[in-house]
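Enquirer: Input sequences plus hints: build the corresponding full structure.
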Amino acid sequence: MQEIRVTNYPEVLVDRPTHYCPGCQHGIAHRLVAEALTDLGVVDKTIAVSSIGCSVFLYNYLNLDTVEAPHGRAPAVATGVKRARPDAVVFTYQGDGDLASIGMAEIMHCANRGERVTVIFVNNTVYGMTGGQMAPTTLVGQKTTTCPGGRCLEREGAPIRMSEIIASLGGTAYCERVAVNTVKNVLGAKKAIRKAFQYQLDGKGFSFVEVLSTCPTNWRMTPVAANERVASEMIPYFPLGTFKDIAATEGA
Amino acid sequence: MPSRVQFREDRCKGCLLCVQACPSGIIQQSSRFNQQGYKVAEVPAERMAECKGCAFCAIMCPDFAIHVFKTKEAA
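Protein chains in written order, with this note's numbering: chain A, 1 to 252; chain B, 1001 to 1075.
For the record, the hints were derived by calculation from the structure and aren't laboratory data.
Remember, predicted model here, so these are calculated numbers, not experimental data.
Positions of the beta carbon are idealized from the N, C-alpha and C atoms, including for glycine.
Where hints are given, some of them may not hold.
Stated by the list, open to error - Straight-line Cα separation of at most 27 Å, BS3-like style, residue types lysine-lysine; simulated pairs:
1. A:Lys190 / A:Lys45
2. B:Lys1070 / A:Lys184
3. A:Lys195 / A:Lys45
4. B:Lys1070 / A:Lys190
5. B:Lys1052 / B:Lys1072
6. A:Lys184 / B:Lys1052
7. B:Lys1039 / A:Lys191
8. B:Lys1070 / A:Lys191
Claimed, not checked - Looking from chain A toward chain B, a few residues come up when the C-beta cut is under 10 Å (computed):
9. Met1
10. Pro22
11. Asn181
12. Thr182
What the hints assert, rightly or not - Every beta carbon over 10 Å from chain B, so not counted as near; a handful from chain A, in silico:
13. Arg5
14. Val12
15. Asp15
16. Thr38
17. Asn63
18. Gly80
19. Asp87
20. Gly149
21. Lys195
22. Gly205
23. Pro223
24. Gly241
Expert: Laid out in structure tokens, this is it:
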């Protein structure tokens, strides 16, 4: 009789407790990135660009060379890193307050230029680290500290659907929205992240994966209720799926 | 093929996403607190035999706190 461990956490994932709140799905996203890099065997030549927000401590949890970018400027920093080191695998890991708000110009132009970088965009519809303020992706009616009566469509506009915008830009090779609320979706997210890195290795262009995630603390919910909200409220507004895949349109 | 789940109680934050994910429904919140003050998840010893080793709990765990083991006959 021999006991085998089924769960093999990748070595690049540092074995230490995370600072994230209970039920925060950043941990799952970190693991998926680590697994994708390990599967592709590119850990040694990967350079991560981390953003501002809860994911600022990415370098504590992934044993990679990391550049810390100013708020929202991760795609611009990644552009520089990739152009200086074309052999390296470069990815940014950004939240929605970082990417969709202050970093909107950087992400749009980075995608439009078709930089060979990968962007992992974790969308939890709120500014997590600074205390739950309204983000551009906050859903209509969602209460935050800066819209205590709920986001109003007429006053603050509709939530921005980033994947649809990125997919419409010329340089984008791959753009997909995934969620990590169920086992099935986590496995789908793993495939999407792996594919995004593969596209970068093949030099096809800019790859973008949006991960719908929870923020139980700032949503004022239990982790299980927050996880259910992803399916009941977020996925209907932010539909899952592939928005652009250059290989599929080329028939390759 | 018997399976076993091991919770690293120092890592568990008691979010209970594993409880929601477990198809056998054998994971529950214990009444014990860990060092950080979270009530950790556990599988009661008498229900461990129902574990199928699917590792759904480990897939959903955001804190890498779960290890799943399967026992195989030696080849």
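Enquirer: All the hints need checking, so say for each whether the structure fits it.
Expert: Here is how each hint holds up against the structure:
no., hint, result
1, A:Lys190 / A:Lys45, "holds, 20 Å"
2, B:Lys1070 / A:Lys184, "holds, 22 Å"
3, A:Lys195 / A:Lys45, "holds, 17 Å"
4, B:Lys1070 / A:Lys190, "holds, 23 Å"
5, B:Lys1052 / B:Lys1072, "holds, 13 Å"
6, A:Lys184 / B:Lys1052, "holds, 17 Å"
7, B:Lys1039 / A:Lys191, "violated, 33 Å"
8, B:Lys1070 / A:Lys191, "holds, 25 Å"
9, Met1, "holds, 6 Å"
10, Pro22, "holds, 4 Å"
11, Asn181, "holds, 9 Å"
12, Thr182, "holds, 8 Å"
13, Arg5, "violated, 5 Å"
14, Val12, "holds, 12 Å"
15, Asp15, "violated, 8 Å"
16, Thr38, "holds, 14 Å"
17, Asn63, "holds, 14 Å"
18, Gly80, "holds, 32 Å"
19, Asp87, "holds, 30 Å"
20, Gly149, "holds, 29 Å"
21, Lys195, "holds, 19 Å"
22, Gly205, "holds, 30 Å"
23, Pro223, "violated, 4 Å"
24, Gly241, "holds, 21 Å"
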